[in-house]
Amino acid sequence: MKVSRAWLTKFFDAPLPDAEVLADALTFHAFEIDGIEKVGSPRPGDDASDDVLDVKVTPNRGHDCLSHRGIAKELSAILKLPLAHDPFSANAPLDTEAPALTVTLEDASLSPRYIAAYIKGVKVAPSPAWLKRNLEALGQRSINNVVDATNFVMFNTGQPLHAFDAGKLAQTDGTYHIVVREALPNEKLLALDNKEYALNNSMLVIADGTANVAIGIAGIKGGTPAGITDATTDIIVESANFNSVSVRKTAQALKLRTDASSRFEQGLSPELAAYGMRNMMEFVAHLLGGEVAGFTDVYPAPQERTRVAVSVEKINQILGTRLTGAEVADVFQRLHFAYKEEGGLFDVEVPLERLDITIAEDLVEEVGRIVGYDKVPAEPLPPMPSAPAVNLNFYTAEHVRKQLTDMGYSEVLTSVFADRGEVAVLNKVDSVKPYLRSNLVDGLNDALKKNIPNKDLLGLKEIKLFEIGSIWKGGKEEVSAGIVTEKEKAQEEPLSMHAPKEMPAQYEDLPLSTASRYQTFSKYPYIVRDIAAWAPSGTEPVEVLNFIQQEAGDLCVKISLFDQFQKGEKTSLAFRLIFQSFERTLTEAEVNQIMEKVSASLKEKGFEIR
Amino acid sequence: MADAPQGHIHPISSLIREANRIFAKMGFTFAEGPLLETEWYNFDALNVPKDHPARDMQDTFFIKDAPGQVLRTHTSPVQVRYMEEQMKKGVMPPYRIIVPGRAFRNEATDMTHEAEFFQIEGLAVGPDVTLAHLKGTLEQFFKELFKGAVEVRFRPSFFPFVEPGVEVDMRLTGADAPEKLRGKWIEVMGAGMVHPNVLKSAGVDPSKYRGFAFGMGLDRLAMLRWGIDDIRLMHSADLRFINQF
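The listed protein sequences correspond, in order, to chains A and B.
Convert by adding 1331 to the 1-based position in the first sequence; the result is the number in the working numbering.
Convert by adding 50 to the 1-based position in the second sequence; the result is the number in the working numbering.
Any given hint might turn out to be false.
Claimed, not checked - Negatives, chain B to chain A, calculated, CB over 10 Å:
#1 Val179
#2 Leu181
#3 Gly198
#4 Thr223
#5 Asp255
#6 Lys258
#7 Arg270
Stated by the list, open to error - Below 25 Å or equal to it, Euclidean Cα-Cα: the simulated SDA-like pairs (lysine to any residue) are:
#8 A:Lys1706 - B:Pro177
#9 A:Lys1804 - A:Pro1835
#10 A:Lys1818 - A:Gly1703
#11 A:Lys1580 - B:Arg155
Just so you know, these hints were derived from the structure itself, not from any lab.
Note that beta-carbon positions come from the ideal geometry of N, C-alpha and C, so glycine has one too.
Using the sequences provided together with the hints, build the complete structure.
Following this line, the structure appears as structure tokens:
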């Protein structure tokens, strides 16, 4: 989530540290930061400049941290800065019944709470600069003061709001009637994104109860039938709570994920609806120029308080720390968790928006992250009572690896995805090779073909490959071992056929790779040249090899002695040179030129080129 | 030619061989499980409920005409499979396993992402396992693997199957560490204390036992270890790559 530092400062009386300090605080105590972006004018003293942090809010904290208030609350606990202006501590009453507005929830399990405010006499206008700036810092487009105010509240508190144009709704006896119900069969809605959505009865809609038409997809998107326009004067603001699974399924089915739906699908506390509405009310008079005619709050089963207990002993047993009761108490105070403590047992009253805290371990995490995981020491595990058991399949695979590498085979890993097979993958993104392989030999044959052209470069006489891997065949998954060479057809058999007859007591002591660093290879083709010469007597082949390398230069990437024989006093030496560039495809002509130079130099040294 | 040149094992195989050796000294047994998994072991048993946003963290390959079957998105299902098997045999904790193996994510591939990759899972369960033991175990592993001084640090994170959950960074500090890596914090894995629901799924009493678990990308580890620049080389079957190891 994008979080504006300037926005965060509004929650505190104390000055807030720099964005980098905030990023570090969050990184080591709450969430990863994907980046910090400077927005607005960078001129000194210009309050339009801002830092926007991209905070990776984890899925367990979507309940409370997809908002500036949530992040401010975290920073308050981490940095020990009092949260001076908390919208969740506001408690202006929301109990004025709106005389001209009723709300009906058809299924309270899908919409546990619905607060509607009826606001008259608003003047729809462009938003003031501060509001535009706040939203634009987050990459949001400013629309008008009404829509922007609802969006501001969502990014501020985490509670999505929606505003309907009351003038477009029908009335019964002078009363507006909002119904939250399942969509009707074949019901359609032209949403505010100007797309028409085909709905069905698994989806929840907000409807104008009098006209019985959908005006919004619950928790996801508003509809054009009640959209705000420049002509709007009376509005109904919704601050509601919707079932997370229902919103998630509907958003998935409609392929319509919005800032609202991504919050509702995390599961929000219905208490948030009231905080969101109160926050909205602060804007009615001065920003919207309207007047609140009343509220309706339908909340049949108010959220119950959760209490979770954890002992200092348990915290230390899990974290491996030696924290004191006072240190634990300090954490809970910084997080504003109300608690009772008795003999080291903390009985915590979980804040209503913290739906993630349900078991003692959740509180252990709160303590661990707020004190900081750098307080966790590194300790070795105690010895196990017995030696680890040998895994027969791994033993066998390792044994086969040893046998085959000794015979000159190299190990490849090829994809388990194939063009054909018994098991098909349902949803492959690239839809190529949509099956799970039923053999290793197809992959081995492909690998062989691919490697043959590089034989000289590899300095090999023959390509020999093996693979040990899973295949899906005959209705089951099994591990197969396969080989292929240029001379022998690819073949494979179940790895288990190579298992030792008796359970081995321990693994074989096999060598590890001795490579230190991997060297990138050139993607360009290479050119091979052979040169054979009669060497003057007493010549060491390795000296000749070094001499040729020096004469051939850097483009000669590999050189090997591939033949050597004696005739009388004379020795014939034959070398194979491989030329390749990292930057381009070499031409025959330039390689020929290098070879001529090599020949000439050898002749000069008394060699007779054959 | 009388003697064929020695063949090469894949760098991932070498890494698994080495990891197994290091962890065996700390009491960990090599364990394994199927690649084609049930949703139960891959998700539900690991405290990832249906219709929960946490399932979105992992793009999953599903199987045609086989509802409830997935290509495992991590090696973690083996945690539950192993514990369950031990409990059935009447073998009570302590348990310590490592699970090196393939896992799958349905996503576009590039130089650092592959749809098929290798992971190594670690699990230690006992009456008194702590997060401090996790730090100690990982420090020891990296120290032996990178043959030099290593620091490990934790940052808060979230994985449904652990609580608390942490992201693990490591830093090579030894003078002989590769220059590109020396002194730099590198994110290497997700880990944490096994969630009580996971122990319950496997039939282990969470009031008596606790554990830590970690899951690290072996491809990434190989890339760090040997300075490999493209993850796609792992499945390239290209001997210009493999024969360097």
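Verification of the hints:
1. Val179: violated (7 Å)
2. Leu181: violated (5 Å)
3. Gly198: holds (13 Å)
4. Thr223: The assertion about B:Thr223 holds, with a minimum of 14 Å to chain A.
5. Asp255: holds (15 Å)
6. Lys258: Consistent with the label, B:Lys258 stays out of reach of chain A, its closest Cβ about 12 Å off (over 10 Å).
7. Arg270: holds (14 Å)
8. A:Lys1706 - B:Pro177: Judged against 25 Å, a Cα distance of about 22 Å means the pair holds.
9. A:Lys1804 - A:Pro1835: Measuring from Cα to Cα gives roughly 29 Å; hence the hint is violated.
10. A:Lys1818 - A:Gly1703: violated (61 Å)
11. A:Lys1580 - B:Arg155: Since the Cα atoms of A:Lys1580 and B:Arg155 sit roughly 22 Å apart, the hinted pair holds (cutoff 25 Å).
Going down the numbered hints, you'll see the structure goes against 1, 2, 9, 10, while the others check out.
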